[in-house]
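S.K.: In case you want the letters, here they are:
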Amino acid sequence: MKPPVRRALIVWLGLLLLLAGNTALAFVGLGALAPLAHIAVAAAMAALVLVVFMELDRGASLFWVFAGAGFFWLTILFALTAADYLTRYNFAAAGGG
Amino acid sequence: MSEHVLEKQFVDLAHQSETAELGIWGFIATEVLFLGGLFAAYGFFRYLHPAAIAQAAAHTDLKIGAANTALLLTSSFFMSWASLAARDGESRIVARVMFVAAALGVVFLGLKAIEYTDDIHEHLWPGPGFSLPTADPKAGEVFYFIYWLLTGIHALHLMAGIGAILVIANRARHGVFTRAYHAPVRVVSLYWHFVDIVWIFLFALIYLPGRGG
Amino acid sequence: MTATTIVELPRPRGDSYLTDGTTLSSWLLTHDHKRIAILYCLSITVFFFIGGAAAALIRLNLITPRGLLLDAETYNRIFTLHGVVMVWLFLVPSIPTTFGNFLLPLMLGAKDLAFPRINLLSWYLFVLSGVIVLAGLIGGSVDTGWTFYEPLSSGYASGALVVVVGGIFVNGFSSILTGLNFVVTIHRLRAPGLTWYRLPIFCWSTYATSVILMLATPVLAVTLLLVAAEHLWGVGVFDPAHGGDPLLFQHMFWFYSHPAVYIMILPGMGVVSEIVPAFARKPLFGYHFVAWSSVAIAVIGFLVWGHHMFVAGESIYAALVFSFLSFIVAVPSAIKVFNWLATLHKGSISFEAPMLYALGFILLFTIGGLTGLFLATLAFDEHVTATYFVVAHFHYIMVGGMVSAYFAALHYWWPKVTGRLYPESWARFAAILIFFGFNLTFFPQFILGYLGMPRRYATYPPEFQVWNVFSSAGASILAAAYVLPLFYLTWSLFRGERAPGNPWGATGLEWQSASPPPTDNFERTPRVTRPPYDYPEPAA
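Chains as they are written, first to last, in numbering that gives the first Met the number 0: chain E, 0 to 96; chain S, 0 to 212; chain V, 0 to 539.
Keep in mind the hints are simulated off the structure, nothing from the lab.
All residues carry an ideal CB built from backbone N, CA and C; glycine is no exception.
Please note that a few of the clues may not be correct.
Which chain S residues face chain V? A few, computed with CB under 10 Å, are given here [unchecked claim]:
#, residue
1, A19
2, E30
3, V31
4, L47
5, P127
6, E140
Sequences and hints are given; from them, build the entire structure.
M.R.: Structure follows, in structure tokens:
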């Protein structure tokens, strides 16, 4: 087996471990932190796929820009929508009109 | 043999191949926004109804979900192998590992079909027949609305991917690809990995909530 | 004289792209970006006049306070048709798919776009979407307006809504693929020596537009998918009856639709940046600023969508942020306007039709842009939200700006595209008529809005009638002025004088090719050694 294929195989094993870890996390009882923890592990898995399986580490820098643009703009969607949700004042709960 | 595939707007095959790869990266960026938008809708709905979503999500089939994640990760490994072998011009290996990758995708769909059948038996299809005892039955129903949409759209992407893999693998079997020209293998493999990434997030956000603790 | 190094070549052996194959299938199955541009041009012209007919009905109805000919229901359907058709079937595709398609490879010194087959696919998706959308709008009874607000659209609209929304979904894929094609082409197919700072501004603004097409449209597609699914299933994330949030719809919808406003203006800015230097015989002033301001608009344009939701119930803190960012996005637009004016300063200006349209664009866009700042101001927006002030504001941008720019481009590159010259005096007459007709139509609407007339009603209190009559009178002038070019441009196709390669003495690679260009655009790949807009500096 050639070295790059061996590297991919190792990453595959790592991904399976992360999958097992993420599933185990679900039973730990992290409460409100659980979604963030799951997203963090999933993001690590996605990063491995992007960098090794999709060979971003060998690709042109422009590929990074293109791959990054999608995620960056998605962050804009989340962040500015959250700016509304996280700062809404619940008048009903506060006893107001 | 490779000369006739060069399109007139490119200087040489390297130029053409790198452009094709850039094209699929751009396409993936648009897909990130498409599926990301769906995740955003889910995320903000979940922010409004955290308890009901956790209860509803606990009714998804974790065993099949986890097995399917492992299947896709494995399939991605084989696609990665295909792309590396294509770089060395090893057309036979490319064809073989691509068929394996596609087969794993088919198994994924098979498991998914079993899961869908169970879901329908358990009245998890949104609509008049829907029944799931949660703190907020309406929000639970909306969770399954998202579940069917996300997994359904993912499955459509997967089917398109399997089709593309089979076409390209067949061309590889006939020795079409060389060291100089194998862009289609790279393109289909990048797309396949992306579909895998979508599932990684889908699994974490749809299957894992509400499991215990 | 001409700026780039390549000399004008004699007409190449073969034919022009127009004569290279004359069968119907040589057009319908073409991969040639120039022919696809023509296909787009014909399709959007049809859609423009359909949308225009709806506008005519609206203005006709509003001549009298009780409504001249339409009942409220029909009126709602007509303005929905007008909005949907004009936005997705004319304005968004207008300049990018026609002139972007035609000119981009020529300006880059390339033989075609990066993905010619995908380009053709985009056109088929576009036409398919047009057919679906029109079938839903005309056959069904969709009266939600082009914004499909929730929960109106999922809970109360007719089933044809799913058809219309499905059509726009298909339309989205056409947009996405076009944007992707352009972005990759600009990155990868520039001729030797054609660095980024040697690109014409039209390429920069097409690039910025394409980035928006790629990154905003998918969110629209998925949002409309959610609306359609919610409509069909009776369950969804937007309807408050199910614990959903209609504001979530507005966030996701405007995440696309505000940047889409820049899709509908950036290409026009690109066109004007080509025409102003050509008819002022001067290099474009502040090239780097104009170039980067396109990119700035594309990026900042994604950060301001919440200003559509000031009174919809978004949090006051979010509203403050969105208001502030909306002021910021005006900066790059202003940079462009100042640079065009500085380019005109001390230029040897001539007033051919393209220049008249371009000057009209600058004036009308400035009015539209400045009134946009009014609307970005929270307190003022409370006063004029959902009034005719908003209608007037965005028509100054969309129609006064973008449609003027489209006509400017049509006249400027007409000789290049068709190989014929258009009749100049008719064209000037039409340009002036459009300018006056436009202002008479839409300026009264600022006043109406300020006085408090709400938009989207078939009737209004009698005290508003005077301004409405002015507006409708203007609309009839505008309608006549839009029909005029249809006649004289068609006439010129057969009787117009044959155009030389570079009738305006303009810079830019497209003028170095023959008129009309050969199928492969250039005999030899050009080599670029000079900056764009290399017009002689005027004597000090």
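S.K.: None of the hints should be skipped; say for each whether it holds.
M.R.: Now the hints, each set against the structure:
no., hint, in the structure
1, A19, "holds, 8 Å"
2, E30, "holds, 7 Å"
3, V31, "holds, 8 Å"
4, L47, "holds, 6 Å"
5, P127, "holds, 8 Å"
6, E140, "holds, 5 Å"
Checked against the numbered hints given earlier, the structure satisfies every one of them.
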